[in-house]
Every structure is written in structure tokens, then in C-alpha cells.
Amino acid sequence: MAKELWKGNEAIAEAAIRAGCRCYFGYPITPQSEIPEYMSLHMPEAGGVFLQSESEIAAINMVYGASGAGARVMTSSSSPGISLKQEGISYMCGAELPGVIVNVMRGGPGLGTIQPAQGDYYQATRGGGNGDYRLIVFAPANIQEVVDLMQEAFELADKYRMPVMMLLDGMIGQMMEPVEWKRPALSPEDLPAKPWATTGTKGERRPNIINSLFINPDACNDHNRHLEEKYQRVIENEQRYEINDADEAEVLFVAYGTPARLARAAARLLGEEGIKAGVFRPITVWPYPYEALHEAASKESVRAVVTVEMSTGQMVDDVRIGVNGIKPVSFVGQAGGVIPTPREVADAARKALGR
Amino acid sequence: MAYNEIIVAGFGGQGVMSIGTTMAEAAMSQGLNVSWLPSYGPEMRGGTANCCVVIADSEIISPIVLEPSELIAMNQPSLDKFEPAVKPGGLILVNKSIVERGIRRDDVRAVYVPSLEIASELGNMRVANMVMLGAYIEATKQLKFETVINMLRHIFTGKKAHLVELNEIALQRGAACSSGL
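First to last, the protein sequences are chains U and P. All residue numbers in the first sequence are consecutive under the numbering used here, ending with 355. All residue numbers in the second sequence are consecutive under the numbering used here, ending with 1181.
Rather than coming from a laboratory, the hints here were simulated on the basis of the structure. Every value quoted in this text rests on a predicted model; they were computed, and no experiment measured them. Backbone N, C-alpha and C define an ideal beta-carbon position, used for all residues, glycine too. Warning: the hint list may mix true and false statements.
One side of the interface only, derived from the structure: several residues of chain P facing chain U at Cβ under 8 Å [claimed, not checked]:
#, residue
1, Thr1021
2, Ala1024
3, Glu1025
4, Met1028
5, Val1034
6, Ser1035
7, Trp1036
8, Leu1037
9, Pro1038
10, Gly1041
11, Ile1061
12, Ser1062
13, Pro1063
14, Ile1064
Given the sequences, and given the hints that come with them, work out the whole structure.
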């Protein structure tokens, strides 16, 4: 199929419709407003529901409701708006409801700035809401990957009955790249049945109950054990990552999203002066590909691991867990909407090598 | 190996973003890899706008252009801001109609395009950006006029079909500005 030029935000919305999503609830915020804008036109055309809610909190609770009724559903926002959704996300995890949440990150904390950033890593991977819960978190680095993962996100959400987050930065939301639609578009009729959904008993079955309240501590403990068993299955089966040019690399960059591309540009600069550098790119930041990173870092040629982020250093914690002390781990990054340059990333690598 | 990193910059409303998307669309239909990245911010008509376009026959590593191989400066602030960043040996296309100065560097080439005067002669000020694009295509030879014209045929249909020819002439007039390179 021919390639088409798509803007990240619009591509993610189209990918959702093609994945059979027919419910979108959200509220505009830069730099993701093209998602609701696109949905407002195309979701009704596809026979679905577009609703601009009165707030982000309302939107995530509409997602909860629609998901409970068995719909393939999503919401999207950017950092401050995602903070507002945290209670609903925790409730969805507690009630085991699938859904896709898109966060096109901007600078924070608070209102911060509208420029791209990655300061929501802890929130996405550690949970900004209460309780022992996890989200599958995809962190695409180009628009083709955005659309491929968006379709997969809905599948995994349904498979594990848990929310999946698409964690982008403003750069990926705003840029355009060629996209090839690899999978056939799905309609809701093509999707697997959800026998747990509250669709009305029609007098033929016992009522389904969707709830996150387990008032008896033993029952709540059992529920947590059940969720944990599920998260372990996700950890075993759903780790994704990519490694570039890591053969004989002296420096191993670790970065996700846009900084992974900057790190590759930095690796080229280093290559010009004879320093070999590779890039390890987690595609799922939860579950984090710790073992794969450990293996990449344990190669004899690697002398330094350098984490690159558009934050003051959050994923670097996971890098340290993965590398587990076998190689020195350092960090380079900019926050608040400033993009680190390949030159400063290359400088950080030289410094890490002691050159 | 072709690896063109372009910054198109000017006032909002000058067609800066659409020059970029046209280049990206054309390059993609020629089978090249492309990326297009807009500046975005609390901006409005009359404010500054720019976009980064990368066109390559190999994989595009970073969509962010810090040191452009080509700069299309649609106004004076854009030339002031981005001229120092252009790669040595690079190219600057200057919108001569409103940029009052010449380039200050001697290690890059320049093409001066009176885009507004040409657009005025053609009777439609909105083709000024196509004049600039024509100058770019002729100067770099990375894109084909034919590709852009085919794209225009898809965009301008029915009542607007006459605009294809106008835009084609605008491209040619722009190209003539680069013929001395």
C-alpha cells in the first residue's frame, strides 16, 4: 500500500478508528489538540461517538463507563490533563477495564509549557493514581510506530483487561512522517466478545458487576494478588525494545521517543571521530526490558551507559535497575520543553568515556 | 547520498508550513524518506513560524534540524536567526521582496528571489511561496517539478483547476532565479 504523509496526532486518531475504537472522550490541550479535532470529524463518520467533555476528569470517567459496557474506547490529553485523569486510571485498573490513554507530553510541572518533554515518565510507569496497579506503556519514536502500536494497544488492553498508555512527546504529536497502513481496518463487529461487560442480562445470565471496591481486606488482598499475577504475565510477554548499531559499541545510549532519535544522531557524530556508539531504545517503558538492557550493557566493548531524556532524569532509574552496576550509568537531558542537541549528547558520551 | 535538512522560516501566513508539507509530500511520492516538523507555540498570524523538513534516500535519524543544509528565509528575522546555523557549503534562499539585506557569510551560497514581485506580476499574491519552492527545486535538484505539478493537479480540481497552470508558472519563475547558481 502507498505511503501517506500523516501528522502524529492525526495518525494516532485514525489508527484508533481503524482499530475498531468507536468512542472518544476528551478535552483539548496543546500539543495534542489535533487528536480531538480529528476525532470530532471522523469518529461520527465511522458511526462512533465523539464527546468533548467538560473536563479531563469527566472524560476518563466516560471511558470507564463505556469500557464497562464493552466498548473499545480511548481518551487523550497532555501532561496536566493526564494528571487530572489519574483517579480514573486507578479505578479502571481496579475494575480491570481496558482502554487506551494517549499522553502527548509537554513540559511541567504544573502548567509548565506547551513544548515537548518527557517529565511524566514516573507518572506513567509508577502510577500517578493510588494503589498497586500498572499500565502497559508504549513509547513510540516515529509515526509509523505510533500507528502500529496504537492498533496493538487496543488489543493488549482487551487481552489483559487493563488500560494501555501511549506515551508520546509533543514532537511526535506535531511532526509528519510517511505512514503505511499495514493492517486491515477493523469494525466493532470484528472484535472479540467481552462476556464480562455490563451489556444487560436479557434475563439469560447473572448480572456482571464492574467495581473497584473490595471492602473486605482479604478479598482486596486476593484481588491485588490476581492483578499482580496478571502484571507478571505482561512482564513475561510484552516487553518491546530496539537496539541500533550496538556491535562493538563503547557507549550505549538508552533513550525512548524523540531522544532516541537524538541519541542516534549523536552516535553518528561520535562515529565520525571513531567512537562507536549504540542506542538501546525501550518501546515499552512498562514492562521495562531490564534483561535485554542488561545483556546489551554487559557486552565487553561497552564502557559507559548514557541515558538521554527530555526530563531531569527519570527513566535513568530503570536504566540503573537494568544495568545493575555492571557498567557506569550517566545521564544527559533537558527539561521544560528544551530539546537536548545531538552535540551535547555526544559531549556527555565523551565525558562518560573520560575523553 | 542525498540527505537534505531544510529550515523554512518566515511570518505566519506566508505559507511557510505549506512550502514544507509540499516538499515533504513531493519527496515521499518520489520514494524518498521524509519528515516534517513544525515549530509550534503560542503563535498567530504575523508571528514567526518555521518548519524543519528532512529529505533523504537513507533512513532519517532525527527530524530536528539544527544545522540546515538549506534555509528558505521568507523574512528578515528568519535570516537573522538561522543564517549562522546553515552548514558550510549550504544554501540560503532569500525572499528578496521583504528581506532588506544580503547574506553575511561567504561560505554558503545564496539565491535572491523577488517572490512578491513575481507573484504580483502573475496576478495572485498567494503563489509567492510557490515561487520560493520553484527556486529551491531548481537550486537543489532533489525534487522534480513534475512531481509537484502532479500533486497540484490532485489538489486543484473542478473550479480550481485553472490554478494548476498559475502555480506551474510560479514554480518556473522561481526556478529562473536559481539558474545562475
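Practice task
Identify whether the interface hint at glutamate 1025 of chain P stands, where standing means a beta carbon of chain U within less than 8 Å of its own.
Solution key: holds (6 Å)
Handout entry: Restraint outcome when isoleucine 1064 of chain P is required to lie within 8 Å of chain U by C-beta distance
Key = holds (6 Å)
Exercise for the section: Mind checking the CB of glycine 1041 of chain P against every CB in chain U and telling me if the closest is under 8 Å? Expected result: holds (7 Å)
Exercise for the section: Grab the minimum C-beta distance from proline 1063 of chain P to chain U and call the hint holds if it beats 8 Å, violated otherwise. Expected result: With Cβ-Cβ at 5 Å, under 8 Å, it holds.
Handout entry: Hint validity - serine 1062 of chain P Cβ closer than 8 Å to any chain U Cβ
Key = Holds - the Cβ of serine 1062 of chain P comes within 8 Å of chain U, reaching about 4 Å at its closest.
Handout entry: chain U contact restraint on alanine 1024 of chain P - CB to CB distance below 8 Å
Key = Hint on alanine 1024 of chain P: holds, closest Cβ of chain U at ~6 Å, below 8 Å.
Problem - Closest C-beta approach of tryptophan 1036 of chain P to chain U relative to 8 Å, hint status - result: holds (4 Å)
Practice task
Tell me if proline 1038 of chain P is really an interface residue toward chain U, meaning its C-beta lies closer than 8 Å to one of theirs.
Solution key: holds (6 Å)
Exercise for the section: Double-check isoleucine 1061 of chain P for me: the hint is only fine if its C-beta lies closer than 8 Å to a C-beta in chain U. Expected result: Cβ of isoleucine 1061 of chain P sits 5 Å from chain U, so the hint holds.
Practice task
Closer than 8 Å between Cβ atoms is the bar; does valine 1034 of chain P clear it against chain U? Give me holds or violated.
Solution key: holds (6 Å)
Handout entry: Satisfaction of the leucine 1037 of chain P interface hint, Cβ to chain U closer than 8 Å
Key = For leucine 1037 of chain P, the interface hint holds, since the closest Cβ of chain U sits about 4 Å away, which is under 8 Å.
Handout entry: Status of the hint placing methionine 1028 of chain P at chain U (closest C-beta pair under 8 Å)
Key = holds (5 Å)
This entry satisfies every hint, going by the numbered hints stated previously.
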